[in-house]
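With chain A held as given, fit chain B onto it using these hints.
2 protein chains.
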Amino acid sequence: MNSNYYAILMAGGVGSRFWPVSTQDFPKQFHDMLGTGDTLIQKTFQRLSRLIPKENIFILTNARYNDLVLEQLPEVEQRQVLLEPAMRNTAPCILYASLKIQKENPNAVMIVAPSDHWIEDETTFAKNVQTAFDYCSNNKALMTLGIKPTFPNTGYGYIEYDKNTSETVKSVDQFREKPDYETAKAFISAGNFLWNAGIFMWSAATVIEAFKRNQPELYELFESGISAYNTPDENEFILENYPKAENISVDYAIMEKSSNVHVIGAEFDWNDLGTWGSLYDKLDKDKHSNAILNAKSLVENAERNIVRAPKGKLVVIDGLNDYIIVDHDNTLLIYPKSKEQDIKQIQQRLKNKYGKN
Amino acid sequence: MNSNYYAILMAGGVGSRFWPVSTQDFPKQFHDMLGTGDTLIQKTFQRLSRLIPKENIFILTNARYNDLVLEQLPEVEQRQVLLEPAMRNTAPCILYASLKIQKENPNAVMIVAPSDHWIEDETTFAKNVQTAFDYCSNNKALMTLGIKPTFPNTGYGYIEYDKNTSETVKSVDQFREKPDYETAKAFISAGNFLWNAGIFMWSAATVIEAFKRNQPELYELFESGISAYNTPDENEFILENYPKAENISVDYAIMEKSSNVHVIGAEFDWNDLGTWGSLYDKLDKDKHSNAILNAKSLVENAERNIVRAPKGKLVVIDGLNDYIIVDHDNTLLIYPKSKEQDIKQIQQRLKNKYGKN
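Protein chains in written order, with this note's numbering: chain A, 2 to 358; chain B, 2 to 358.
Accuracy of the hints is not assured; some may be wrong.
Identical chains share a label here; the pair holds if one copy fits it or two copies do between them.
[Claimed, not checked] As a list, the in silico DSSO-like pairs of lysine-lysine whose alpha-carbon atoms are at most 27 Å apart: (1) Lys338 x Lys288; (2) Lys128 x Lys283; (3) Lys297 x Lys338; (4) Lys186 x Lys258; (5) Lys286 x Lys164; (6) Lys314 x Lys340; (7) Lys55 x Lys104; (8) Lys340 x Lys149.
What the hints contain is simulated information worked out from the structure, not anything from laboratory work.
So here's chain A without its partners, still in its complex pose (with noise of 0.2 Å):
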């Protein structure tokens, strides 16, 4: 295994849409959502370890944490576990965890990936990282893996690369932001448009002069900790420096300034498993097109269901269609599919009906 590939896990988010079972206190990645007996970070992290040393792969994440990517990770050492002082988007982490690596490792080249995505084929993504590592140990890029659209998503961004090449690694015009229908629909019919699954490779050292250039002021704070880093001032560097960083993503910060950005279609099936209706698609049905996880149960005229229950529940259902039933801790949900999106905003409206829980 290559000694200069790194990881950066993000892991730091909590997943809203799927409350009850992710919570701020136990968010989505840290969860089997698959009921496959491995959380998501779990599944993310052995895809990882096929290409990159386990010692190499960081987990960037928040405070509260901690713990839960330890015990879930035992692999996994403190000095891999980058703790966010404060909330921030994604460009001020990266850029942290890319001058800590630089420090340990001028040669490495990295991926920046979500810890709560689906991707079943490992075999196929570690191929195409392969291909992105090469090409970035010997240009100066930034790559991104592009999901070829299936269909006009409004929720995701797009990429647009350069029509006129039939090379693997093709040349991005532009990143364009989550679209209105008829721009998604547009986006499809022409061809050269892929979804911006948020997966990042590059070398430290691409990556890095990038933010000199585009963001002077976030490298300059950063940077002024470079003695610091991978010792034991860095925490404390940290925790007063981070603060200050400006709340922006790494797209904006950088990916749309730049002209030497590259993508390559993934050749994987993918999923962002956002919603309940997301993860539906990727689970084993019934013949009725239910989807039960972990419950036992009797489940009659009733179709295209998601029920997930404690293990060994017995969920009985007649007569019900396109919902999700959730039965987690204290908490029972039956909510139809079709509203989905509203789920992140229930616990909001339960703080206003019972105040604080």
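Leaving out everything else, chain B in the frame of chain A:
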């Protein structure tokens, strides 16, 4: 309080249409179905004890429920709990209890009543029972309390009384089995039909005489134990002889065969709490007619549901109408109210699917 007054509470049923709350191990009468803080048998006991000395209230049940009875009715002593050693219909246990009571007090008048019905107006109930007791103390009468029918229910038996009387105590022409819908409609327009709620009143002497005349075999079986009743020998006698008793209802054994049968039309509201739907009718509702028991809830775009969950559990529902939603022990039931009669078959279907639970 009149020390000649006695009661026999029937508490051996299972209430399988209230699954998963009511089970063979823990039947309906021992649950707080109404969310009032009292179980149904506790409410029934309290209602009867307004008129009847507590030590004169006997509970007829199955050996497996002995501990539940003593736990829920701490005023009751073991001598008041009569355990059926074999599953039989109502006639054998009523005859057995009546012989015991007569031996203890030859002047006893008694009420026989189910332990799991809903009667809110205790004052009027006591008034109607008092009228019956007065009549039965002075006449050799087999008395019932009949319920004025509110719709052509095909689930109850009917009592046809003499239409040429305006007395409170009416002579009964005949007992009618559960009718079909057209017959039930005819009963209601006739005007002299009441629902048979299984509530009977009589003197010990009169009911025993009726058994002797109409069921000589059954009478001889239990009469042969007279010397043992209310002594340490009783248990052995009952264990040996009870299983020999014919499996026959008190309606069929004596009521339908006797000429001295009377009825008083109940002046109180009554509900047999036979199904989740009949329980729903008796519960408080929110402004969208949802009845929520125990749980904290956020129920939106949803009407006429009955929801029961453990105390403090949070239930979030959207877009569901006329459903029974019950979360109890390790079971979740989501079932249309229109199919409430099918609930009693669920356990069998589960056994077919999973084997013995």
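Right, here's what the structure says about each hint:
no. : hint            : result
1   : Lys338 x Lys288 : both (19 Å within a copy, 25 Å between copies)
2   : Lys128 x Lys283 : within (22 Å within a copy, 65 Å between copies)
3   : Lys297 x Lys338 : both (21 Å within a copy, 22 Å between copies)
4   : Lys186 x Lys258 : within (25 Å within a copy, 81 Å between copies)
5   : Lys286 x Lys164 : neither (39 Å within a copy, 62 Å between copies)
6   : Lys314 x Lys340 : both (25 Å within a copy, 22 Å between copies)
7   : Lys55 x Lys104  : within (18 Å within a copy, 85 Å between copies)
8   : Lys340 x Lys149 : within (26 Å within a copy, 46 Å between copies)
Hint compliance for this structure: hint 5 alone is broken.
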